[in-house]
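There are 2 protein chains.
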Amino acid sequence: MRVLVTGADGFLGRGLAARLALAPLPIEKLVLTDRAFAEPALAGVDQSAGDLSDPAFLETLLEPGFDLVFHLASVPGGLAEREQALGQKANLLAPIALATAVAERRPGARFVFASSIGVYGTLGNDAVTIHTRTTPDLTYGAHKLMTEYLLSDMARRGVLSSISLRFPGIVARPQTESGHGSAFMSLLFHRIAAGEAYACPVPASSVCWWVSRRAAVDLLLNAAQLEAGRVTLVQPPALVATTGEVAVAVAHYIGRPANVTWGSDETLRQLFGAMPPLDASEALALGFKADADLETLAKAALSGEP
Amino acid sequence: MRVLVTGADGFLGRGLAARLALAPLPIEKLVLTDRAFAEPALAGVDQSAGDLSDPAFLETLLEPGFDLVFHLASVPGGLAEREQALGQKANLLAPIALATAVAERRPGARFVFASSIGVYGTLGNDAVTIHTRTTPDLTYGAHKLMTEYLLSDMARRGVLSSISLRFPGIVARPQTESGHGSAFMSLLFHRIAAGEAYACPVPASSVCWWVSRRAAVDLLLNAAQLEAGRVTLVQPPALVATTGEVAVAVAHYIGRPANVTWGSDETLRQLFGAMPPLDASEALALGFKADADLETLAKAALSGEP
Numbered sequence: 001m002r003v004l005v006t007g008a009d010g011f012l013g014r015g016l017a018a019r020l021a022l023a024p025l026p027i028e029k030l031v032l033t034d035r036a037f038a039e040p041a042l043a044g045v046d047q048s049a050g051d052l053s054d055p056a057f058l059e060t061l062l063e064p065g066f067d068l069v070f071h072l073a074s075v076p077g078g079l080a081e082r083e084q085a086l087g088q089k090a091n092l093l094a095p096i097a098l099a100t101a102v103a104e105r106r107p108g109a110r111f112v113f114a115s116s117i118g119v120y121g122t123l124g125n126d127a128v129t130i131h132t133r134t135t136p137d138l139t140y141g142a143h144k145l146m147t148e149y150l151l152s153d154m155a156r157r158g159v160l161s162s163i164s165l166r167f168p169g170i171v172a173r174p175q176t177e178s179g180h181g182s183a184f185m186s187l188l189f190h191r192i193a194a195g196e197a198y199a200c201p202v203p204a205s206s207v208c209w210w211v212s213r214r215a216a217v218d219l220l221l222n223a224a225q226l227e228a229g230r231v232t233l234v235q236p237p238a239l240v241a242t243t244g245e246v247a248v249a250v251a252h253y254i255g256r257p258a259n260v261t262w263g264s265d266e267t268l269r270q271l272f273g274a275m276p277p278l279d280a281s282e283a284l285a286l287g288f289k290a291d292a293d294l295e296t297l298a299k300a301a302l303s304g305e306p
Numbered sequence: 001m002r003v004l005v006t007g008a009d010g011f012l013g014r015g016l017a018a019r020l021a022l023a024p025l026p027i028e029k030l031v032l033t034d035r036a037f038a039e040p041a042l043a044g045v046d047q048s049a050g051d052l053s054d055p056a057f058l059e060t061l062l063e064p065g066f067d068l069v070f071h072l073a074s075v076p077g078g079l080a081e082r083e084q085a086l087g088q089k090a091n092l093l094a095p096i097a098l099a100t101a102v103a104e105r106r107p108g109a110r111f112v113f114a115s116s117i118g119v120y121g122t123l124g125n126d127a128v129t130i131h132t133r134t135t136p137d138l139t140y141g142a143h144k145l146m147t148e149y150l151l152s153d154m155a156r157r158g159v160l161s162s163i164s165l166r167f168p169g170i171v172a173r174p175q176t177e178s179g180h181g182s183a184f185m186s187l188l189f190h191r192i193a194a195g196e197a198y199a200c201p202v203p204a205s206s207v208c209w210w211v212s213r214r215a216a217v218d219l220l221l222n223a224a225q226l227e228a229g230r231v232t233l234v235q236p237p238a239l240v241a242t243t244g245e246v247a248v249a250v251a252h253y254i255g256r257p258a259n260v261t262w263g264s265d266e267t268l269r270q271l272f273g274a275m276p277p278l279d280a281s282e283a284l285a286l287g288f289k290a291d292a293d294l295e296t297l298a299k300a301a302l303s304g305e306p
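Going down the list, the protein sequences come from chains A and B. Quick note on numbering: full-length UniProt numbering labels position 13 of the first sequence as 13, and the sequence is numbered without any gaps. Quick note on numbering: full-length UniProt numbering labels position 105 of the second sequence as 105, and the sequence is numbered without any gaps.
Each hint should be verified, as a subset may be incorrect.
Just a few of them, taken from the derived set where beta-carbon distance is under 10 Å, the chain B residues facing chain A [unchecked claim]:
id	residue
1	78
2	81
3	83
4	84
5	86
6	92
7	129
8	131
9	142
10	145
11	153
12	226
13	299
14	302
15	303
16	306
One side of the interface only, derived from the structure: several residues of chain B facing chain A at Cβ under 7 Å [as the list claims (entries may be wrong)]:
id	residue
17	139
18	146
19	149
No wet-lab data here; the hints were simulated from the structure. All residues carry an ideal CB built from backbone N, CA and C; glycine is no exception.
Please build the complete structure, drawing on both the sequences and the hints.
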């Protein structure tokens, strides 16, 4: 099986690439692509740096024909909102071009798309399911949703075996990454683990959805291995907990008290810290799993292991 | 005000262009575009033939900067399903490129998009409103829906004053037009008016939504004149009636009995002839109007007048 990972130098992409290099799937060829790579490639893995929205690069990249593509590349929400042309190119035009070209070269290829809960827009109080109404209120979510519709239609026609997973923020992202409005969700882990004071911008009562990178990679691998055509759209499970509860769990795991002061940024709280319950029973029935508990989440988020 | 109409040599486009030439709006410059034009331009109107997905053509076309754009150009559903590359270019990539370029040249320009009830996919028995769930089951509907999301997001950001209207089939299309699965809805008018026998592929009990071209043009003009930002998505009203009732109304208007035999094409009936009730109260409150009754519909559909 020939496998392509886009956005492979991103936080999630590096985790997935490392796990794929451990070969949980029978892989004949593994190609990683991103705009640039910080590190040289592992033995037996190809790294190809370039811009997916450049037709010549895409042509060369896809030349081998891939049986399985993980499309993770995207410009984060905050950045996409500020730089609209960049966001449109990376989050809309590139996925359209990529999916179309993958299907042309290898009809029926498996295409796993990292979508986002940003497709829902402002959520009410009801438990979210994959059937919850989608009214994105940021360009990032609108582009992710448009890509989902494209991929579901390609799956219907049988030209691509697509599956889109709506991810919440994944923790703990490196502190150097920027552009994510949900950065506080990751900083909570890093700062407490480092024994530093942290002025969290939202209250301790903010309810977020939490997924470690390890769990997110498991979700992607489960998606890749599901029977083709069984489902094209998944709301994966996540841990639903307050920032305060997570701070306690991190402090407990580290064995050191947390030194967090809680803010009252209502915009951020509305966007990321006012999440309703999550009913992921459909995904659970398909073998998708969240982190087992907050302690497992803290350990996975802080270990740095993929 | 400078006005652009795309798809201006199509059935709806010709009607809109003719009405705009009668100047219901204060127009300084009217430009019509389509891949080709069957007739020379009217005095004072520019016709520009080309492909909207060709960046060089688009650049030249939009050079004047438009305050109001009616985007009607699209490849019909049946054809888009058979020729996927053509459908994607015309129904997805061209609208993205057009809307983006219009907004760049004239931020906040009014952009009226002819969307389709194809965005809903298979409908249940409940009355359809603009809030009905969208699960398109043909590529045409998926592309229209993706474009709606793009335009609504651009409206949210204030870069384009967009409004999308979800049109049902418009009658009576010329008998020469092809690619429309709903062709029977127009042939019903033409054949009865011509005194010819017509083997309608669906039963007389098939419930369709009916809009004459005259009413459709009125809907577009009303959309153009609505206060900007008031609404970005509209399910316009339509007459809801059976094929049998329409045949009777056409025969009555013509003053000659209809010679129609009714078929049992279940696929076509499911797609176009099993429509639920329509609750367009939100659109009615905004001044959008359907044909007054079936007699008015028959007259408008057969007169050929815009």
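Consistency of the hints with the structure:
A least Cβ separation of about 14 Å between residue 78 (chain B) and chain A goes past the 10 Å threshold, and the interface hint is therefore violated. Checking residue 81 (chain B) against chain A by beta carbon gives a least distance of about 8 Å; that is within 10 Å, so the hint holds. For the restraint placing residue 83 (chain B) at the interface with chain A, the shortest Cβ-Cβ distance is roughly 12 Å, beyond the 10 Å limit, so the hint is violated. For residue 84 (chain B), the interface hint holds, the least distance from its beta-carbon to any beta-carbon of chain A being 7 Å, beneath 10 Å.
A least Cβ separation of about 13 Å between residue 86 (chain B) and chain A goes past the 10 Å threshold, and the interface hint is therefore violated. Hint status for residue 92 (chain B): holds, given a least beta-carbon distance of 7 Å to chain A, under 10 Å. Violation of the interface hint for residue 129 (chain B) is found here, the shortest Cβ-Cβ separation to chain A being roughly 13 Å, above the 10 Å cut-off. Against a cut-off of 10 Å between C-beta atoms, the interface hint on residue 131 (chain B) holds, since the closest Cβ of chain A lies about 8 Å away.
For residue 142 (chain B), the interface hint holds, the least distance from its beta-carbon to any beta-carbon of chain A being 4 Å, beneath 10 Å. Contact between residue 145 (chain B) and chain A, as hinted, is supported at the beta carbon level, the nearest pair being about 6 Å apart and thus within 10 Å. The interface hint given for residue 153 (chain B) is met, as the beta carbon of that residue sits about 4 Å from the closest beta carbon of chain A, less than 10 Å. A hinted interface residue such as residue 226 (chain B) counts as satisfied when its beta carbon comes closer than 10 Å to some beta carbon of chain A; here the least separation is about 20 Å, so the hint is violated.
About 38 Å separates the beta-carbon of residue 299 (chain B) from the nearest beta-carbon of chain A, more than 10 Å, and the hint is not met. Annotation: residue 302 (chain B) was flagged as interfacial toward chain A, and the flag is violated, the nearest CB pair being 36 Å apart, outside 10 Å. Hint on residue 303 (chain B) is violated. Least Cβ distance to chain A is approximately 38 Å, over the 10 Å limit. Using the Cβ-Cβ criterion of 10 Å, the hint placing residue 306 (chain B) at the interface with chain A is not satisfied: the shortest such distance is roughly 33 Å.
Using the Cβ-Cβ criterion of 7 Å, the hint placing residue 139 (chain B) at the interface with chain A is satisfied: the shortest such distance is roughly 5 Å. Checking residue 146 (chain B) against chain A: minimum C-beta separation of about 4 Å stays under 7 Å; hint holds. Here the hint on residue 149 (chain B) is kept, as its CB sits about 5 Å from the closest CB of chain A, short of 7 Å.
Hint compliance for this structure: hints 1, 3, 5, 7, 12, 13, 14, 15, 16 are broken, all remaining hints hold.
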